[in-house]
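When you get a sec, could you build the whole thing from the sequences and use the hints?
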Amino acid sequence: MVQLGEKIRSKRKERGYSSLRRFAQACSMSPSFLSDIELGKSKPSIDTLAIIAANLDVPASDLLDDGNPPSSPSPEGGPKEKPRPIMKDRHKRKVVA
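3 is the number of the first residue of the sequence shown in this note's numbering; add one for each residue after it.
Calculated directly from the structure, the hints in this document are not laboratory data. Since the model is a prediction, treat every value here as computed from it, not as a measurement. Just so it is clear, CB atoms sit at the ideal spot from N, CA and C, and this is done for glycine as well. Please note: incorrect hints may appear among the correct ones.
Capping the alpha-carbon separation at 25 angstroms, the derived lysine-lysine pairs in BS3-like fashion look like this [stated by the list, open to error]:
| id | residue 1 | residue 2 |
| --- | --- | --- |
| 1 | 9 | 45 |
| 2 | 13 | 43 |
| 3 | 43 | 15 |
| 4 | 15 | 45 |
| 5 | 13 | 45 |
| 6 | 9 | 43 |
Restraint ranges, calculated between C-beta atoms of paired labels, are given here [claimed, not checked]:
| id | residue 1 | residue 2 | range |
| --- | --- | --- | --- |
| 7 | 15 | 35 | 12 to 20 angstroms |
| 8 | 30 | 60 | 17 to 25 angstroms |
| 9 | 28 | 64 | 14 to 22 angstroms |
| 10 | 27 | 68 | 12 to 20 angstroms |
And the structure:
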């Protein structure tokens, strides 16, 4: 699975931004911050991701998409609970007062 930072770096280079410094300037961000995002050391906020995506001329969803289809929920709408064990002899308990 390709990580977000790897996708950003790949798209940046595809768009002709071989220099991280030039791309950081276009995004009004520091080169070290963008480097940390590309290396997976920092996670961008939604606003930061939107700025990066706009400067790469791609939808932010393209950067977040991991290529796998979204998992579908179970037909019942959620995870199944484990059945509770049946307590045999439950009716034979003595009540102590």
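Okay, the hints, checked on the actual structure:
1. 9 x 45: Holds, at roughly 13 angstroms.
2. 13 x 43: holds (18 angstroms)
3. 43 x 15: holds (20 angstroms)
4. 15 x 45: holds (20 angstroms)
5. 13 x 45: holds (17 angstroms)
6. 9 x 43: Distance ~14 angstroms between residue 9 and residue 43 Cα, so the pair holds.
7. 15 x 35: 12 to 20 angstroms: Holds: the Cβ-Cβ distance is about 18 angstroms, inside 12 to 20 angstroms.
8. 30 x 60: 17 to 25 angstroms: holds (18 angstroms)
9. 28 x 64: 14 to 22 angstroms: holds (18 angstroms)
10. 27 x 68: 12 to 20 angstroms: Taking Cβ atoms as reference, residue 27 and residue 68 lie about 29 angstroms apart, which means the hint is violated.
The structure fails hint 10 only (numbered hints given earlier).
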